[in-house]
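S.K.: The chain contents come next:
2 protein chains.
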Amino acid sequence: MDSRFHQELDQLRGNVLKMATLTEQAIEKAFKALRERDIELSDEIITRDQDIDLLEMEIDRSILRLLALDQPMARDLRFLIGCMRISADLERIADQAVSIAHRARYLSKRPPLPEDPVMKRLIETSLDMLHVALSCFAKLSVDQAMDVCMMDDEVDELNTQVLKNLMDYMIHEVPAIQRGVQTIITARCMERVADHCTNIAESVVFIVRGVNIKHHCEQI
Amino acid sequence: MDSRFHQELDQLRGNVLKMATLTEQAIEKAFKALRERDIELSDEIITRDQDIDLLEMEIDRSILRLLALDQPMARDLRFLIGCMRISADLERIADQAVSIAHRARYLSKRPPLPEDPVMKRLIETSLDMLHVALSCFAKLSVDQAMDVCMMDDEVDELNTQVLKNLMDYMIHEVPAIQRGVQTIITARCMERVADHCTNIAESVVFIVRGVNIKHHCEQI
Chain A
2 MDSRFHQELD QLRGNVLKMA TLTEQAIEKA FKALRERDIE LSDEIITRDQ
52 DIDLLEMEID RSILRLLALD QPMARDLRFL IGCMRISADL ERIADQAVSI
102 AHRARYLSKR PPLPEDPVMK RLIETSLDML HVALSCFAKL SVDQAMDVCM
152 MDDEVDELNT QVLKNLMDYM IHEVPAIQRG VQTIITARCM ERVADHCTNI
202 AESVVFIVRG VNIKHHCEQI
Chain B
2 MDSRFHQELD QLRGNVLKMA TLTEQAIEKA FKALRERDIE LSDEIITRDQ
52 DIDLLEMEID RSILRLLALD QPMARDLRFL IGCMRISADL ERIADQAVSI
102 AHRARYLSKR PPLPEDPVMK RLIETSLDML HVALSCFAKL SVDQAMDVCM
152 MDDEVDELNT QVLKNLMDYM IHEVPAIQRG VQTIITARCM ERVADHCTNI
202 AESVVFIVRG VNIKHHCEQI
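Chains as they are written, first to last, in the working numbering: chain A, 2 to 221; chain B, 2 to 221.
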């Protein structure tokens with residue numbers, strides 16, 4: 002492979018990292034908007050999602066060009082396929098940020114629900130998971146990929162607990178039903194963010210080791 | 002390209018079609034389990050999901066082998082990339098069938114909620130969407146791809162209406178809150194099925210026309 006090819010691979014890596022940064026910022030802002038009841042920030046997340054969509058399309062284009070023109074093999078091929086998958090997961094994480102921003106908008110205009118420490122842990126754990134998954138990609142290292150999979154189980158449990166707490170609360174506080182349901186949907190958005198983080202960790206294992214651990218996270 | 006390559010492409014197409022059939026059956030069964038309050042059927046969907054997971058992994062393997070060994074160009078390359086995306090969407094649709102099956106299991110053991118004609122239309126529309134999206138792939142025809150995108154808007158609207166109806170119902174029928182929330186989650190699963198159907202239609206347009214219409218469905 003010539004140096005032009007490797008230059009383009011580097012550029013692609015830079016674009017996926019840029020997309021990762023924008024997506025991470027969108028999720029961080031969505032949690033901030035939720036916590037601080039910030040409608041302006043919610044609107045900003047919704048409007049700026051298209052920057053991430055455009056970047057995904059640019060990444061797809063460059064991967065296809067590299068596949069068609071350079072016909073890469075082995076790790077280079079896996080890197081391209083891995084980047085295609087990771088950028089699709091990032092785009093879907095960004096969509097979850099938009100969905101959380103819509104809930105934050107709705108909730109900010111209504112009286113706050115009592116704080117739930119489990120919800121706080123769910124937010125922290127899914128954010129941690131995103132940091133770790135993106136760091137796995139940035140370093141192309143599988144050392145922490147297993148941590149991401151374990152955190153996914155934790156997020157699932159926290160989400161189940163949040164659901165239970167909110168349903169109990171709504172039974173005793175009927176006027177809070179609509180806010181409760183919107184908060185349940187928000188928690189499910191976080192669970193989806195966590196699922197996509199797991200996919201990203203799996204894609205990094207695929208790039209680095211050449212094995213497909215989808216549905217078999219224990220094999221890392 | 003030699004005939005072995007085209008034989009393998011045919012085999013891959015056959016596997017994606019097989020995965021599409023299994024996934025469609027899983028969704029149909031999930032709706033049936035929900036409608037007929039059938040716990041055994043719910044369990045069957047949950048257990049048999051791994052057949053779909055295994056098929057996805059086999060499809061991924063064969064795509065990678067074809068990319069690495071045959072270095073295809075133009076439409077063959079797009080077909081491989083498209084199949085990779087479509088099988089990932091099918092796997093996620095099957096995951097939604099599992100999620101619906103879990104809700105069907107939960108709801109079947111409890112008193113039924115009153116029938117909601119909007120929920121019925123949501124089920125029918127998302128099922129139609131799946132049929133049409135898979136038929137676009139089977140025929141590799143973009144004629145109906147636009148229909149899929151339009152149905153996606155309809156599913157979003159129906160889901161919003163189901164959410165509203167159920168929240169109103171829960172306010173007046175507090176003992177139904179848990180069942181109401183589980184039904185709201187079921188409706189969201191259908192919305193996700195619809196999103197993946199849109200992705201499949203987009204992938205078919207990409208294979209056939211070589212254009213990326215992600216985020217720009219109106220361009221078909």
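Derived from the structure by calculation, the hints contain no laboratory data. Quantities reported herein were computed from a predicted structural model and do not represent experimental measurements. Hints may contain errors.
Claimed, not checked - Taking lysine-lysine and the DSBU-like style, the derived pairs with C-alpha atoms no more than 35 Å apart in a straight line are: (1) B:LYS165 with A:LYS19; (2) A:LYS165 with B:LYS110; (3) A:LYS165 with B:LYS33; (4) B:LYS33 with A:LYS33; (5) B:LYS110 with A:LYS33; (6) A:LYS110 with B:LYS33; (7) A:LYS215 with A:LYS110; (8) A:LYS33 with A:LYS110; (9) B:LYS215 with A:LYS19; (10) A:LYS121 with A:LYS140; (11) A:LYS110 with B:LYS140.
To be verified - Cβ-to-Cβ under 10 Å is the rule here; a few derived chain B residues that face chain A: (12) LEU23; (13) ARG36; (14) ASP61; (15) VAL99.
As the list claims (entries may be wrong) - Covered stretches of chain A (chain B as the covering partner; in silico rule of three or more C-beta atoms under 8 Å from a C-beta of chain B): (16) 56-68; (17) 76-89; (18) 157-163.
Yeah, the Cβ is synthetic: ideal placement off N, Cα and C, and Gly gets one too.
S.K.: Hints the structure violates: just list their numbers, smallest first.
M.R.: 1, 4, 5, 6, 7, 11, 12, 13, 15 and 18
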